[in-house]
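Engineer: Protein chains in written order, with the working numbering: chain A, 1 to 647; chain B, 1001 to 1230.
Simulated from the structure, these hints should not be mistaken for lab results. For clarity, every value in this text was computed on a predicted model and none was experimentally measured. One should not assume that every hint holds.
[What the hints assert, rightly or not] Quick list of the computed label-pair ranges, beta carbon to beta carbon:
#	chain 1	residue 1	chain 2	residue 2	range
1	A	E479	B	S1031	25 to 33 angstroms
2	A	P469	B	E1169	39 to 47 angstroms
3	B	E1169	A	L85	48 to 56 angstroms
4	A	K319	B	W1014	43 to 51 angstroms
5	A	Q22	B	W1014	31 to 39 angstroms
6	B	A1153	A	H356	43 to 51 angstroms
7	B	E1139	A	E479	38 to 46 angstroms
8	A	E394	B	D1135	53 to 61 angstroms
The beta-carbon is built from N, C-alpha and C at its ideal position, and this holds for glycine as well.
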Amino acid sequence: MAEGRVVGIDLGTTNSLVAYMQGEKPVVIPGVDGSNLVPSVVALDPMPAQGGRPTVTVGNSARRVLIETPERVIYSVKRLMGRGLTEVKNELKLFPFRLADDVEEGEVPRVQLGELRFTPPEISAYILRQLKRNAERYFGEPVTAAVITVPAYFNDAQRQATKDAGRMAGLDVLRLVNEPTAAALAYGLDRAKEGTIAVYDLGGGTFDISILKLRDGIFEVQSTNGDTHLGGDDIDNLLLAIALDEIHSEHGVDLRSQPDAVQALRKAAIDAKIQLSTADSARFDIELPNGDRYQREIPREVFESLIEGILDRTAGPCKQAMADAGVKPEDVDEVVLVGGSTRIPAVHKLVDELFHLAARGKKPHTELNPDEVVALGAAVQADILAGASKATEELLLLDVTPLSLGIEALGGVVAKIIQRNSTIPASATEHFTTGVDGQTNVAIHVVQGERELAEDCRSLARFDLKGIPPMTAGLPRIEVKFLIDADGILRVTAREQRSGKEAQIEVKPTYGLTDEQVETMILDSFDHAEEDFARRLLIEARNEAESLLTKVEQAKANPAWAHLTGEEQAAITSAQDKLASAKLGTDAKELRETTAWLDRATQRLAELMMDAAVTSAIRGKTMQDAGEDLDDSSISAPHPFAPTEFR
Amino acid sequence: MLKVVNSAIPVACWSCSVKQDEAKLFCPSCSKIQPPPGADYYAVFGLEPKLNLDVAELETEFHRLSRKLHPDRFARASEHEKDWSLADTALLNDAYRALKDPIKRTEYLLQLSGAQIGEQNSGKDRRDPSRAPADLLEEVFDLNMQLEEMRMARASGESDPNLEKSLSEAKAKFEGLLNEVDTDLRTQWTAWDSGEESAQAAAQKSMIALLDRRRYLRNLVRDVTEVLGD
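Isolated chain A, as found in the complex (with noise of 0.2 angstroms):
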């Protein structure tokens, strides 16, 4: 293809994953390591000796070294994106973000990563390089375009701040697609279906739930609603405090003040919740830094009554989106599941009570895996923008934007001029005028949301109307014409019509980086796909190789070392002579090649590490410098340890 591939990405809260259309299919592009996902997390590596900028990892190396040097690694930073320091300063009480201690109001907030701060942008943008990088080594050639995939209740704040990752990880971004739509896409790719489906998409972080009708390949949402605070992670904190609770009281011992030891508790927690989607009891079993042992079964039932309160905020949304939408729950056809959560038992009952389905033989669709069904869905849509293929050429998707859109009128009431759940694009023009002779500017405030009131909606822009001609009062008649685009995005344009002058208008984004900005962190130059390609994967190759090199060497040292078998070091021992070998050669695939042998062979290696970081965690022996590296113990609540998967 003369204009080069387009890859749809799910850059999601724990893992993002990317994929592309294989002929008439969707298939994920796996990493370096041979895995589908690559979790969300990134880690800067020590500062070089001779100066510089440290390097940046991302992925499974990144989580690596999460319980090591917590204060060089990020994670769900999606949570940040697109938000102001109030909302940032919110989620700092659940999540050990470090923020940087030159934030200002009104600023983007930056995060502190070692000796460097970064905009969440900046950090998504990582995560993105990340994907196009692995894309770009399965294909051997350069990958400039993407699909991204978004909550579909994200605002327009973090809509943009998606796209500006987007763009600094050096693609361009053709569209924003809504996680749920994305997934019906990958859903009805094989099924000329008609009728009405759900979808239900309960993640690591956030909840949708999306009504579609499907006629003639065309995938025209009828209504979406949701909650941007709710997932997996608050079942995670629930049960984490539970533990820390009952720890304290039976043992007298209060970990909350001791991160690393919360964040092993939640890895147990994390563990409990995956085993009760398919046992019947799960078991925490944990040695305290006392010696004591905290003991505890909980079973299924247990389980599924203490998540009852988290499960149930998501039939509020559903009956909402179906009253939007005009259905009843007998005229859903098909319900999808998305999102790992969906996993919970609990989770399949309720989606059956609300939805009616085995009242009516039927049951939720969950035969792609919930963890991959977006991505597959993001290549589809990539597919349909890349055009000339006959797998999707029918196919079209008309989404709708999840908030209204306002303006705040005199009293700060909002004046609604696009309502949630219109199908987009979407535009309003509104007229507007002077309330004083001789004014020239005219300051507008666009929010967005459901209430009546201007303060408790989403500030979105403020700008002002410049350069009106001096009239009396009332007499100029300024019209602005609000645009919602195919990415849910706001665009303003203006013209005084009595003068026939055009007017001038600079909107401030409330939240968010200017273009400038946005310039200035576009991720390094050797980035760019005019590049010589072949030697920039060999360079990567060999960084990629030298640093692992590096880490073994390291980890030899371990008391870990020691545990492996014979076999297993034999093993690591030759894989690392061979890749040393490799690295002078300048065949970049046989490098990354070896490269993947020698993680391969050292994986168990790394996991034992893991584990003794966490026991001796736990034991309270690293917990001094832990608590040091966290400059946020006086957090109150607990400190859950990321959503990523433990294996």
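Fit chain B to the given chain A structure using the hints.
Structural biologist: Chain B only, in chain A's frame:
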């Protein structure tokens, strides 16, 4: 995020230069997408401005035009074509949203014919849209009292089954009245669609009144539903 657009209609197709008599979404000669025409919503669908219309046909046409106009079809096109596709699709979506809904359609067409409706109504016939229709004054007064009582009972955590029942009955009654308004509106549609001038003027007048009444009733039903919490 921002730029100032020039929406002047071109006299000729930007691509093949063939002159056009009226602005269209596509060039009749070379089929290329054109800047948004200053067309009304009916013209977008090539329809006569009538109130009775076949919504299923409207949907089919909406889908057909979406396939041709949607920005997804122009992801790799020139910047101009991208912008026009976006503006044209926004117009198409706005038009479909207004025309598929019977009430929005009625409001739109009345506005198109120069009528001022709802809160815009500031002419000499101005009625306060928040004022109860004369025939309902007494009932609305009673209902508001009951609503207030119910809110107070709710606030203090008490339940009053009699009050609840009476409110439910009132809700059913007002919903019935809403349905009557909708039936009356449809009758007026046909009078309007006849195109006969005096019939149209009369229909317009009564539709404006019906829409006011409808808005009032709908707010009432919404308030009762809110208080009853179902």
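Engineer: Each hint needs a verdict: does it hold in this structure or not?
Structural biologist: Quick rundown of the hints versus the structure:
1. In this structure the hint that E479/A and S1031/B lie 25 to 33 angstroms apart at CB holds, the actual value being about 31 angstroms.
2. Hint check: P469/A to E1169/B, Cβ distance near 59 angstroms, so the stated range 39 to 47 angstroms is violated.
3. Range check, E1169/B to L85/A: Cβ separation about 52 angstroms, and the 48 to 56 angstroms hint holds.
4. Our hint of 43 to 51 angstroms for K319/A and W1014/B holds, since their Cβ atoms are close to 48 angstroms apart.
5. Between Q22/A and W1014/B the Cβ separation comes to about 38 angstroms, which falls inside the hinted range of 31 to 39 angstroms.
6. For the pair A1153/B and H356/A, the beta carbons lie near 33 angstroms from each other, so the given range of 43 to 51 angstroms is not met.
7. For E1139/B and E479/A, the Cβ-Cβ distance of about 43 angstroms falls inside the hinted range of 38 to 46 angstroms, so the restraint holds.
8. Judged by the Cβ atoms, the range 53 to 61 angstroms given for E394/A and D1135/B holds: they are separated by roughly 54 angstroms.
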